[in-house]
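Chemist: Chain order of the listed sequences is W and H.
The opening residue of the first sequence carries number 1 in UniProt numbering; numbering runs sequentially from there.
The opening residue of the second sequence carries number 1 in UniProt numbering; numbering runs sequentially from there.
Hints were generated in silico from the structure; no laboratory data involved.
Possibly wrong hints are sitting among the right ones.
[To be verified] Examples of chain W residues lying across from chain H (beta carbon under 7 Å, computed): (1) 46; (2) 74; (3) 77; (4) 352; (5) 355.
[Said to hold, decoys possible] As a list, the in silico SDA-like pairs of lysine to any residue whose alpha-carbon atoms are at most 25 Å apart: (6) 223(H) <-> 251(H); (7) 142(H) <-> 355(W); (8) 119(W) <-> 102(H); (9) 142(H) <-> 351(W); (10) 142(H) <-> 349(W); (11) 6(H) <-> 95(W).
No residue lacks a Cβ here, since even glycine has one placed at the ideal position from N, Cα and C.
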Amino acid sequence: MLGKGLIKRHTLNLTTDSPIFQVQTSTDNGTTHVTMQGAFSLAALTTLSKTLTAAAANGPTTIDTANVTRLDTSAAYALAQAEKSGPVTITGLTPDTQALLNTVRRALPKPDRAAQKPKTLSDQLESVGRTMAGAGHFMLELLGYFGLFLDRLVRSIRHPSEFRLTALVHHCQEVGVKAVPIVALMSFLIGIVLAFQGASQLRQFGAEVFVVDLIAVSILRELGILLTAIIVAGRTASAFTAAIGSMKMREEIDAMRTLGIDPATALFVPRILSLLIMLPILGLIANLSGLIGGALMSWVELGISPGMFQSRLVENTGVWHLLVGMIKAPFFALIIGIVGCHAGMQVGSNAESLGQKTSSSVVTAIFAVIVTDAIFSIFFAQVGV
Amino acid sequence: MTTNTKDPVIRLCGIRNQFGSHVVHDGLDLDVYRGEILGVVGGSGTGKSVLLRSIAGLQTPTAGEIEVLGTNVRTATEDQRQALERRWGVMFQDGALFSSLNVRENVEVPMRSVPGLDPELRRQMADLKISLSGLPYLAGDKFPSELSGGMRKRAGLARALALDPEIVFLDEPTAGLDPIGAAEFDTLTRQLSDTMGLTVFIVTHDLDTLHAICDRIAVLAEKKVLVTGTMAEMMQVDHPWVHEYFHGPRARAAMDAIPTKTKTNPDNKGD
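Build out the structure end to end from the sequences listed, making use of the hints.
Modeler: Listed below in structure tokens is the structure:
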């Protein structure tokens, strides 16, 4: 014994249900002796691992486990790791702990993973390219669904027995009739807001009476149908995606195919067709209730009587203002229906993808509706109506 | 670490579970001993899963006493319960992994409750548990939705083993696995039980599992544990359902397939 080296003691006393453990280190003639005592669990791992690895890295080490009362996989892991970092002799193992240590040795994660390569410029360019190509692919897929819908629609007309009238009526009720209250209320409130804001601005020029034109043009051309389409996109695109997606998830769509039922005829045609029928009607209702709201506010705020509002509306507002709005309705309907059905078919076999696709179908539908509306605005401005 | 004396770690006494007017268990008694693998069988609707949920504290029985590792589950304080929960692990039928976390993070979840554990070491321990459960090393980076059913079960087992529990509850561990995967899972369970001194409580329908790894079998019928015993003892039972269960064509096929128990340590277990 040439000079007993420093003795380190680690004691940790956790809550009453975690028993105490001790690790003692002593150095003797270049050999480190580590004595483990007590119960070793995960709570002891940080201390144990540091002590053992440091000792083993220093040179020959003996580890005495004779006084260990409990040795779990974490302690076995620390022992196995110490063996890897230097020459280690472990004494005092019972057959049980020896078996555990062997199991852990076998299970030790083999190689360290290769470090992730840093992203180079070309990788980033590639991901941009992939995103763009993905977007293009998505547009093509939507176009494909549009073609599929047209094809199945024509087939339904040629073979009326395949057409699902009951489903169409059901979806008309779900998509259209049930949306009437919310669409009417929203549009009525928009009419009120427009009249109120228009009145306070136009009053400065003494041009209060032009508020009628402001309301009529903005509601008939743009707001009536656009806001209706946005509400329907939120309500209906999500409903389509969720309904078709959950059928996809439970393999009902596959079952339909094996039974000789075409999913596009059975699911897409009634849904998209019901939107095509109901969205213009909802738009018309929105226009009407918007005008009523505007007229009411003009009467209250500016004293323009409903009769005067009506005559000014009929004189000054061309029928094209209404047509410009209504022409857009079927396009919006197609966008909402196709986006909703397409997203439903993209749902995978787990619940997360259903939620993800539902929310993405709403976002896509609303975005596409607004973009289309902007394109129409430019188009109508160019042709001059 | 494992003493093979008859030391009960779970004691059930007079358990009664009732849903409305439907009585599932009535006067159910069962002891589970340290270090053994107990298989619980019974027809559909006999309340095997309800029993497991009652012991694991997910459901309070209408009446009766449950004692796990010397703590009465029904009267335990919040702290006692928490301490107890760290000493058992539950593997649910489909793994019940947290879908927003990857496999390694799933296994780390219970370890986060350990004070003073270095995050890097925690990650390494999670990898070790994943590897112990027979998953490939890189599986830790995967999300539950990217795993097959068998891998999800293994990941669920890795999470159940995270804190080196003394008892593991397995709910139908081999249901929905192919025969090879199921046999591998059985071997794994036996191995872990032997090396880590685990007490394993398996709810199963799988006759192969019962033959291959269970030290003792408990049959649930007529609202209680009808009979417990080894496989050989089960074959002698006269009760019509038990007889049908262990003498049916499937049972015979399982018996022929596995002539002896595939224990890694076939000596004095449970003696």
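Chemist: So, for every hint listed, does it hold in this structure?
Modeler: Hint-by-hint comparison with the structure:
no.	hint	in the structure
1	46	holds, 5 Å
2	74	holds, 6 Å
3	77	holds, 5 Å
4	352	holds, 6 Å
5	355	violated, 11 Å
6	223(H) <-> 251(H)	holds, 23 Å
7	142(H) <-> 355(W)	holds, 20 Å
8	119(W) <-> 102(H)	holds, 23 Å
9	142(H) <-> 351(W)	holds, 17 Å
10	142(H) <-> 349(W)	holds, 17 Å
11	6(H) <-> 95(W)	holds, 20 Å
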